[in-house]
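*Asks:* Sequence:
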Amino acid sequence: MTDNRPRKARRTVTWARPILDGAAVVKMRGLDLMSAMKDGRFPPPPVWSLVNFRLLEFGEGRAVMEMTPAEYHYNRFGVVQGGILCPVLDAAAGYAVHSTLPAGTGYTTLDLKVNYLRPVSVETGPLRCVGRIVHRGSRVCLAEADLTDGNGRLYAHAVSTCLLFKLSKKRAA
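In terms of numbering that gives the first Met the number 0, the sequence shown opens at residue 0 and continues consecutively.
Bear in mind the hints are in silico, worked out from the structure with no lab data behind them.
Even for Gly, the Cβ is constructed at its ideal location relative to N, Cα and C.
Do not take every clue at face value.
[What the hints assert, rightly or not] Pair by pair, the computed Cβ-Cβ distance ranges are: (1) Y73 <-> K112: 23 to 33 Å; (2) K7 <-> L30: 13 to 23 Å; (3) N3 <-> L55: 34 to 44 Å; (4) G136 <-> T11: 41 to 51 Å; (5) A22 <-> Y115: 18 to 28 Å; (6) G39 <-> H134: 28 to 38 Å.
[Unchecked claim] SDA-like mimics (lysine to any residue), calculated; alpha carbons at most 20 Å apart, straight line: (7) K37 <-> T99; (8) K7 <-> V78; (9) K7 <-> P101; (10) K112 <-> Q80; (11) K112 <-> L141; (12) K37 <-> R53; (13) K112 <-> R61; (14) K165 <-> L30; (15) K7 <-> Y73; (16) K37 <-> P101; (17) K37 <-> P86; (18) K26 <-> F164; (19) K7 <-> N74; (20) K112 <-> T147; (21) K37 <-> E65; (22) K7 <-> E65; (23) K112 <-> L166; (24) K26 <-> L166; (25) K7 <-> A69; (26) K165 <-> A22; (27) K112 <-> F76; (28) K112 <-> T160; (29) K165 <-> V25; (30) K112 <-> V63; (31) K165 <-> R28; (32) K165 <-> G60; (33) K26 <-> T13; (34) K37 <-> T13; (35) K37 <-> K7; (36) K37 <-> G60; (37) K37 <-> V129; (38) K26 <-> K165; (39) K7 <-> G77; (40) K165 <-> N150.
Construct the complete structure from the given sequences, taking the supplied hints into account.
*Replies:* Written out as structure tokens, the structure reads:
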């Protein structure tokens with residue numbers, strides 16, 4: 000007879016507090032803020048620790064994230080819940096947009112369309128998510144992101160529309 004009682008597991012999540020100095024953020028170009036996060040001068044957003052992803056590389060109009068699937072990402076069917084992959088796609092597309100911003104400008108995602116193409120599990124291994132700009136206007140930016148495994152197989156594709164806006168010290172804090 001099979002014992003179907005749940006096995007207990009535990010995970011502790013730690014994160015650095017988000018940037019509280021809005022004045023510093025307002026004065027930085029997007030690429031400079033991303034550099035500060037990458038080299039540890041500014042902490043990444045807390046969700047990165049929760050979902051287990053990180054910024055690998057970036058350039059003007061491009062950002063590359065990495066996510067390693069874990070059992071705590073699983074849904075009832077033993078594969079990674081699509082809602083866990085979504086923030087990685089959103090971040091890669093968003094940081095591609097962020098990399099183009101001048102000082103004093105912010106962005107927010109207006110809409111995100113995700114196509115999930117195959118299931119992700121621990122056996123999939125680390126996933127790479129590349130975000131890039133498709134079109135950048137003065138107020139709206141269109142970006143996309145692809146989530147692939149180490150062999151280049153596509154697991155998900157996202158298209159994001161972002162609104163660009165002027166930051167104030169109050170809003171950035």
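*Asks:* Checking one constraint from the list: CA of K165 to CA of L30, max 20 Å. Satisfied?
*Replies:* 16 Å, holds
*Asks:* Given the range 41 to 51 Å, decide if the beta-carbon distance of G136 to T11 lies inside it.
*Replies:* Given about 43 Å between the Cβ atoms, the range holds.
*Asks:* Are the Cα positions of K7 and N74 separated by 20 Å at most?
*Replies:* Holds: K7 and N74 sit about 15 Å apart, inside 20 Å.
*Asks:* CA of K37 to CA of G60, is that 20 Å or under?
*Replies:* 16 Å, holds
*Asks:* Sort out whether K7 lies within 20 Å of K37, counting only the CA atoms.
*Replies:* 34 Å, violated
*Asks:* Verify the proposed pairing of K7 with V78, using a straight-line Cα cut of 20 Å.
*Replies:* Holds, at about 18 Å.
*Asks:* Regarding K7 and L30, is the given constraint of 13 to 23 Å on their beta-carbon distance met?
*Replies:* Violated - the Cβ-Cβ distance for K7 and L30, about 44 Å, lies outside 13 to 23 Å.
*Asks:* Is 34 to 44 Å respected by the C-beta to C-beta distance linking N3 and L55?
*Replies:* 40 Å, holds
*Asks:* Checking one constraint from the list: CA of K112 to CA of L166, max 20 Å. Satisfied?
*Replies:* 26 Å, violated
*Asks:* Does 18 to 28 Å hold as the CB distance between A22 and Y115, or does it fail?
*Replies:* For A22 and Y115 the Cβ distance comes to about 40 Å; the hint is violated.
*Asks:* Tell me if the straight-line CA distance from K37 to E65 falls inside 20 Å.
*Replies:* Status holds; Cα separation ~13 Å.
*Asks:* Regarding the pair K7 and E65, is the alpha-carbon distance no greater than 20 Å?
*Replies:* Measuring from Cα to Cα gives roughly 27 Å; hence the hint is violated.
Going through the hint list in order, the structure does not satisfy hints 2, 5, 9, 22, 23, 27, 33, 35, 40.
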